[in-house]
Every structure is written in C-alpha cells, then in structure tokens.
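The listed protein sequences correspond, in order, to chains A and B.
With the working numbering as the guide, the letters of the first sequence map in order to residues 1 to 262.
With the working numbering as the guide, the letters of the second sequence map in order to residues 263 to 326.
Do not rely on the hints blindly, as some may be mistaken.
[Unchecked claim] 27 Å max Cα-Cα, derived DSSO-like pairs, lysine-lysine: (1) Lys301/B - Lys13/A; (2) Lys8/A - Lys303/B; (3) Lys34/A - Lys301/B; (4) Lys166/A - Lys303/B; (5) Lys34/A - Lys101/A; (6) Lys101/A - Lys250/A; (7) Lys9/A - Lys320/B; (8) Lys166/A - Lys254/A; (9) Lys300/B - Lys166/A; (10) Lys101/A - Lys166/A; (11) Lys299/B - Lys101/A; (12) Lys101/A - Lys320/B; (13) Lys9/A - Lys101/A; (14) Lys21/A - Lys320/B; (15) Lys299/B - Lys34/A.
These aren't lab readings, by the way, just hints derived from the structure by calculation.
Keep in mind that this is a model prediction, so the values were computed, not measured.
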Amino acid sequence: MSIYIIDKKIMIKATWSFIQKFSSPPHFYRISGKMQPWFMAIFIGTLIYGLIGGLYLAPTDYQQGDSFRIIYVHVPAAWMSMFIYMVMAFCAAVALIWRIKLADIVLISSAPIGAMFTAIALATGSIWGKPMWGTWWVWDARLTAELILLFLYLGIFALYNAVEDKRTGSRFVSILVLVGVVNIPIIHYSVEWWATLHQGPTVTKFDKPSIHIDMLIPLLVMAISFKCYYITTMFSRARTELLERESNAKWVTKLLVPTKAD
Amino acid sequence: MSEFLHMGGYASFVWSSYALSFILMFGMMFLSFSQHKKKQKIIQGRIIRAAQQKAEKKREEENE
C-alpha cells in the first residue's frame with residue numbers, strides 16, 4: 001500500500017516535471033524549430049493531394065454541380081476556425097490555473113490564424129451562397145454565430161495589444177477567451193436548433209456521413225492539411241513571441257550570439 | 263483542360279474561393295516566417311550592442 005502511494009507521488013512528480021520541461025521556453029523553441037519543417041512538408045503534400053482529389057477526381061455533385069467544390073476550402077477553414085478557438089480556450093484554462101507561460105504564448109499566436117480561417121470560412125461561404133441560395137449573405141443562425149466568432153478573434157487580438165504589460169494583457173485575454181467558448185457549441189448546433197438556409201452537418205455527426213466516399217476523402221485530407229498549416233504557422237509566431245518576451249534570458253543570448261553567452 | 267477550368271459554369275465562384283483562401287493562408291504564413299527572422303535579427307543586435315556598451319564601460323573604469 002505504502003509503495004503504491006510513493007509510486008503515485010513519483011508518477012505525479014515525473015509528469016509535472018515533464019510538463020514543465022516541455023513547456024519551458026528554450027525547450028519549446030528548440031523542439032518547435034525541429035518539428036516545423038516536417039509539418040510544413042505534410043501540409044504541402046496533403047494540400048496537393050487534397051486539391052487534386054477535390055477539384056479533379058471527386059465526382060460532380062448531382063444538385064450543386066461543380067460549385068460544391070468550394071467545400072474543400074470552406075469546410076476545413078470553418079472547422080479550423082472552431083478548432084483553433086478550442087486550442088485557445090484550453091491554453092487559457094492552463095494559463096489561468098497553472099500559470100504556464102507557454103500557454104499564453106500559444107494562445108496569442110493562434111488568434112490571428114484563427115481570425116484568418118474564420119474570415120476564409122465566411123468569405124468562401126458567401127461566394128458559395130450566391131449561386132446556391134441566390135444571396136451573398138443572410139442573417140441566419142450559423143452565419144451570424146460565425147461572424148461573432150470573427151469579432152471575438154479580433155477582440156482578443158485588440159485587447160492583447162491594448163494592454164501595455166503583456167502578462168496582465170494575457171490574463172484579460174484568457175478570461176475573454178473562456179467567456180467566448182459559449183459561442184462554439186452555438187455555431188456547431190445552430191443548423192439543428194434553428195431553421196436556417198445553411199445545410200445540416202454532413203460529416204460531423206454520429207450517423208454515417210451523408211457524402212460520397214470519393215468526395216469525403218479529399219475533404220478529410222484537406223482538414224489534415226489545414227491543421228498542419230496551423231501548426232507550422234503557429235510555431236513560427238510562437239517562436240517570435242518567445243524571443244520578444246524572453247529577450248533578456250540567457251538561453252536567447254546563447255542561441256543568437258553564442259560568443260557572448262557568459 | 264478548359265472543361266476543368268470552366269467548373270461546369272461556376273468557374274468564377276470556385277476559383278475566386280480558392281484564390282482568396284490561398285492568398286490569405288500563404289500571406290499569413292510568409293508574414294509569420296519573416297517576422298520571426300526579423301525578430302531574431304533585432305534581438306541579436308540588441309544583445310551585441312548591450313555587450314559592447316558593457317565592454318566600453320569597463321574600459322572607462324579601467325582608465326580612471
């Protein structure tokens with residue numbers, strides 16, 4: 001029994017030290033730099049495969065004709081807009097509870113990318129809506145909730161830049177992000193809760209996806225591609241932010257000017 | 263090929279969606295890369311300058 005308890009303590013300690021080590025700025029800076037080219041390669045590879053599959057190989061939709069091919073940028077971008085927000089919410093919780101510096105940095109580095117994907121989802125949705133619904137925009141639940149998400153992203157970025165002290169700014173931002181989480185299930189379920197022009201879920205439901213497999217595979221490949229894009233770009237932004245915040249730390253000197261390290 | 267580009271009459275909608283998405287995505291990516299490079303240079307310069315100032319101060323103190 002006592003051995004078991006000691007084991008558990010050691011386990012917790014080991015896990016905690018692993019988390020601390022991985023989230024330490026120099027470690028993250030090094031590892032992310034090493035991993036970045038791999039994610040870039042997967043991004044480009046899956047992008048080419050997804051584009052060929054989506055634009056050329058996938059059969060034409062019997063209702064929407066070739067206009068349905070907008071799905072291969074619209075849907076992955078919309079998924080990313082929510083996925084990135086959930087990553088940010090997770091980081092906000094971690095930053096508030098455990099005060100892990102890296103969480104703040106990943107959060108704020110993700111915000112512009114999330115805003116961009118939200119803008120892409122809205123714009124491509126609008127371009128798709130014109131030939132299919134006959135209008136660029138309607139104030140229905142799905143579209144309005146996604147627009148609110150865009151404003152949330154912009155608000156997060158503005159708030160962070162408005163506060164002089166980065167640490168205080170990060171705390172405000174974390175709280176705003178956690179409050180805004182309520183919007184994510186609203187976006188997801190909006191097409192079921194309210195009567196809307198937007199079509200219902202075709203992939204993310206418990207039932208079998210209501211989409212042909214040759215259409216589905218490029219969509220999932222594009223989703224993987226966009227996730228790798230996010231990781232590549234976020235790493236770059238996070239590393240910039242780390243350098244800025246840690247510019248006085250020894251590891252930065254050692255890294256950038258090895259001769260002046262002492 | 264021209265049939266492919268024509269996209270069943272939806273060419274302008276399909277291609278503008280793709281163009282817009284990829285201009286934004288690659289723009290954001292290259293902006294992030296170049297910001298990182300720029301930041302590296304700025305901090306590098308800052309560290310070297312600080313070290314030079316420190317050395318200068320030391321020399322002045324020795325002269326006095």
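These are the hints, each one checked on the structure:
no. : hint                : verdict
1   : Lys301/B - Lys13/A  : violated (36 Å)
2   : Lys8/A - Lys303/B   : violated (46 Å)
3   : Lys34/A - Lys301/B  : holds (19 Å)
4   : Lys166/A - Lys303/B : holds (22 Å)
5   : Lys34/A - Lys101/A  : holds (21 Å)
6   : Lys101/A - Lys250/A : holds (17 Å)
7   : Lys9/A - Lys320/B   : violated (51 Å)
8   : Lys166/A - Lys254/A : holds (24 Å)
9   : Lys300/B - Lys166/A : holds (20 Å)
10  : Lys101/A - Lys166/A : holds (11 Å)
11  : Lys299/B - Lys101/A : holds (22 Å)
12  : Lys101/A - Lys320/B : violated (35 Å)
13  : Lys9/A - Lys101/A   : holds (25 Å)
14  : Lys21/A - Lys320/B  : violated (37 Å)
15  : Lys299/B - Lys34/A  : holds (16 Å)
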